[in-house]
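A.B. asks: Below, each chain spelled out in residue letters.
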Amino acid sequence: MSLLYDMVFDYTLRNVALGTFLLGLGSGAVGSFMTLRRQSLLGDAIAHATLPGVALAYMLTSTKDPLVLLLGAAIAGVLGIGAITAITRTTKIDNDGANGIILSIFFGFGLLLLTYIQKLPKSSQAGLDRFIFGQAATIIAKDVVIIAIVQVFVLVVLTLFFKEFKSSTFDPQSTTVMGFNQKIIDAIFATLLVAVIVVGLQTVGVILISALLITPAAAARQWTHSLKTMVITSALFSAVSGMVGSLISASRNNLPTGPMIVLVLTAFLIVSFLFGAKRGIVIKKITLIKRERSFDQNRIMLALDNLAQSHSDSSLPHSSQTIGLMVQQVHGIKRMLNHLTQQGLLLQPEESSYILSKEGELYVERLKNEGGLYAK
Amino acid sequence: MDILQNNIAIEVEDLTVAYHHTPVLWDIDVSIEKGAISAIIGPNGAGKSTLLKSMLSLIPISSGTISFFGNPLKKMRRHVAYVPQRSEVDWDFPTTVVDVVTMGSYGALGWITPPGKKERKLAMEALEKVGMEAFANRQIRELSGGQQQRTFIARALVQDASIYLMDEPFAGVDAATEQSIIEVLRELRANGKTLVIVHHDLLTVKEYFTHVILLNVHTIASGPVHTTFTTENLQKTYKGKFNALKGGIDELIV
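Heads up: the sequence lines are chains U and L, in that order. Counting along the first sequence from 1, when you hit position 217 you're at 217 in the working numbering, and nothing is skipped either side. Numbers given in the working numbering equal positions in the second sequence, counted from 1, plus 1000.
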């Protein structure tokens, strides 16, 4: 509760909470499209590619002004995307390969520059290493304003081009034939991706920021089959995880923020995989059991129909043993017979003997018309 | 719309396409009459899908020109609809049938403008034409192959184009679906539309199509079915493999 109290009344924590919440909104929304476009690694590659940009911006200007450093990061990120595109277009290396190559080259170069900077006499540590793991506690009001502007820009653009993103993600070829230039769509998308990554760098860090893009999207997918709902859910998951993770990190002796956020995201993901309303493991299992039960019930109903037809006196009930012989491998047959009786589909003229009721006969009639055993 | 009065709907001249310096299509010349329903026929690897895609500028061409009613594709996009192979998209994409069909209206809407009630209505009408109205709000992942195919065709209907290019619309669908699809195609033709269809079933060529393009990297022959779909031409197209096919097919060839 004290965390909640601080969040409302502590100036620093309020900035942290607001900043990371906004950060998550755009990341989660853009991340949904990134994963659906099967470009999950792209975010990671761009994030790592920004590091040399931060270092070079500092070396050239000797300032730690976040705007300058983020501009450097953005330029490096765009160069990274350009390099990935060039590699996939001109060589036989696929997307994954190109992402991996650019990620390691740029990140390696960035680390080299950071080490060099730390050895400079005037550097006073420059504090640039916070870009690697992220440090939410450093968010000040000015950062929140930058984050807010960028996130509003991202969400507005995403809303405006929602139709284009949707169609080109589902079927890029037909979208092209309809007159939408795929390169323009890709460029707009890349801009959004670079924007959400760059603005989150100093909070979450280059190594883990892609988690804010991919993980909430994967979690959101478990809850819905609608693209719009998925994008909104993912944005909220990401925002809440970002906020909770960074608050814990900022209030506990400055634990690194990136890893803390990832832990919260993981909790969302695990819960979603287990209990997600559309694809969660539990709901799938329940659906499976229901389907098996209705399959078994249908077998029993058809068996009774069969028995009725093959006996001269069709009004004669049949014992549960006889029915059990006809429908082998049905578990709990007595319970199921009772259940069907309660539903009014069967009659039980004698103890443990059953026959189709009028309703049951109608049910069988419908079954036969609608695909037999598999009808619902 | 005067443009569409031209008698030749599609003209392909000297088209060559190569992947990594290996020609996939070599010096293709095809001209397709307005109002024809043409089959592109040829063995696997003959370049059938590649021909469709290069006509639509979806893959780079090495040389040649393609025109629709005498104009480059750029000017004619609104008049051309494409139905890709079912396998080319991810059917696990989170969306509904009516949503996919509505996408057919995106070209007419242009950038940014979102689809509204009018587009939704067009989509429902198209779904009715292919007998899929009951599936409008289904998730696309729940569809069978034939239903996926009909969804794609409905999306093309929404585009209300003059020329329809379809890649294997009959692949993996049952006989009933094939019948309902061919009925839709015939109706399109009756309305003066031009259809070009990559097809793999030699047995139905005579029944379904007015024209045929026999392709095997080169254009082997192209023209009306009754003069072009001959044993001799098929032998040239399928080479050695044709004798194996020949058995039950004699009576189907002109």
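Heads up, some of the hints might be wrong.
[What the hints assert, rightly or not] Within a straight-line C-alpha distance of at most 27 Å, the following computed BS3-like cross-link-like pairs (lysine-lysine) qualify: (1) U:Lys228 - L:Lys1117; (2) L:Lys1118 - U:Lys228; (3) L:Lys1074 - U:Lys183; (4) L:Lys1053 - U:Lys92; (5) U:Lys183 - L:Lys1075; (6) L:Lys1053 - U:Lys183; (7) L:Lys1121 - U:Lys228.
[To be verified] Residues of chain L clear of chain U, computed beta-carbon distances all greater than 12 Å: (8) Gln1139; (9) Ile1140; (10) Ser1222.
I should point out that these hints are in silico values taken from the structure, not numbers from a laboratory. On a predicted model such as this, the values are computed, not experimentally measured, just so you know. For each residue, glycine too, the CB sits at the ideal point set by N, CA and C.
A.B. asks: Now, for every hint given, state plainly whether the structure supports it.
C.D. replies: Hint check:
1. The hinted pair formed by Lys228 of chain U and Lys1117 of chain L meets the criterion: a straight-line CA distance of about 18 Å does not exceed 27 Å.
2. The hinted pair formed by Lys1118 of chain L and Lys228 of chain U meets the criterion: a straight-line CA distance of about 20 Å does not exceed 27 Å.
3. Among the hinted pairs, Lys1074 of chain L with Lys183 of chain U is consistent with the structure: their alpha-carbon atoms are about 15 Å apart, no more than 27 Å.
4. Between Lys1053 of chain L and Lys92 of chain U the CA atoms are separated by roughly 21 Å; this keeps the pair inside 27 Å, and the hint holds.
5. Proximity of Lys183 of chain U to Lys1075 of chain L is assessed by CA-CA distance (about 19 Å); at most 27 Å being required, the pair is judged to hold.
6. This hinted pair checks out: Lys1053 of chain L and Lys183 of chain U have alpha carbons roughly 17 Å apart, not beyond 27 Å.
7. Our distance criterion of 27 Å between C-alpha atoms is met by Lys1121 of chain L and Lys228 of chain U, whose separation comes to about 20 Å.
8. The beta carbon of Gln1139 of chain L sits about 5 Å from the closest Cβ of chain U, which is not more than 12 Å, so the claim that it is off the interface is violated.
9. At roughly 9 Å from the closest C-beta of chain U, the C-beta of Ile1140 of chain L falls inside 12 Å, breaking its exclusion from the interface.
10. Once the 12 Å rule is applied to beta carbons, Ser1222 of chain L is consistent with being away from chain U; the minimum gap is 23 Å.
Checked against the numbered hints given earlier, the structure breaks hints 8 and 9 and satisfies all the rest.
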